[in-house]
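A.B. asks: Residue-level listing of the chains:
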Amino acid sequence: MIIHANVFSYVIALAAALILSLVLRLPLLPERPMRQSWTISAVFPTAILAIGFYAMVYELGYQGYIVALITGIITALFAKFILEKVVPLPESDNPEEESHE
Amino acid sequence: MNEILGIILAAVISWVNFVLIDTWMGLPEAPGVKGADVIGRSIKERGGDLAGGFFQGNIVCSPDASAGTLLAAVGCYAIGTPEGGLIAAVLVYFGNRLCADPGYAGTTGALTITVIIFLTSYIGFKPEYFIMGMVLAIVTIQGLYHPGASRLLGKIAEKMGRHTKLT
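So the sequence lines, in the order shown, correspond to chains A and B.
In this note's numbering, each residue's number is its place in the first sequence (first place is 1) plus 933.
In this note's numbering, each residue's number is its place in the second sequence (first place is 1) plus 42.
Keep in mind that the hints were calculated from the coordinates and are not lab data.
In this text, a Cβ means the ideal position worked out from N, Cα and C, and glycines have one as well.
Take a look, some chain A residues computed to stay more than 12 Å from chain B by CB distance:
(1) A948
(2) I952
(3) L955
(4) V956
(5) R958
(6) P960
(7) L961
(8) Y998
(9) L1010
(10) K1013
(11) F1014
According to the in silico footprint, chain B covers these stretches of chain A (three or more CB under 8 Å from chain B):
(12) 969–982
(13) 989–996
Quick look at which bits of chain B chain A covers, simulated, 3 or more residues with Cβ under 8 Å:
(14) 116–127
(15) 135–141
(16) 145–158
With the sequences and hints as input, model every part of the structure.
C.D. replies: Here's what the structure looks like:
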């Protein structure tokens, strides 16, 4: 069976994002019931974002294992420190913000 | 593969993909935003099912598996498989979060249809079949007869244990 080298790049991006986000103490999975959870975890959305971001840089012409590794690392840092600020919780789901009203 | 047959089969696959994922992710259980609540209750008043109405309201108000399926098909057509579908999944996630939705349904729908497009490409399906198929699939839910579609969605929700507890 032939596996395209690009598949390994996606695996590297995904693994790097998963491992670094766990090191950064993001939970592995959101709490149950997951479908109602807003928690940012290692699997969702960090791993999904990692392969999506790698697809973006791949299409922009930057390819290879090192690029995949860097994409995974940046995605984990983005998920940990920036994502909540870019797309915050809606006010009704955020008890802290509600208490200020 | 014959184009018309391909579009019809793609419509069926897309319909099953987004309805099952959206139901599994709890769209019929409760309205995510006020607009979905209004749509659900309006459909119920016209003889529909409340859970099915919430489903229809939710897919209007935020990009769920229906939008994920359509955008991933568009991405695969415009950029390539699987890159287009993976990029679509990221964009759908951000769209979800901006629409007061945690983003599980939309992202899952985009990823599953990307896998389906990749696998069905071996038997002659093209991404454009899934774009057209998804448009047809969403017309059957949102464009023909709301009360009838909501009753069908309500029955599916009941079978999957996702019927609403609200009245």
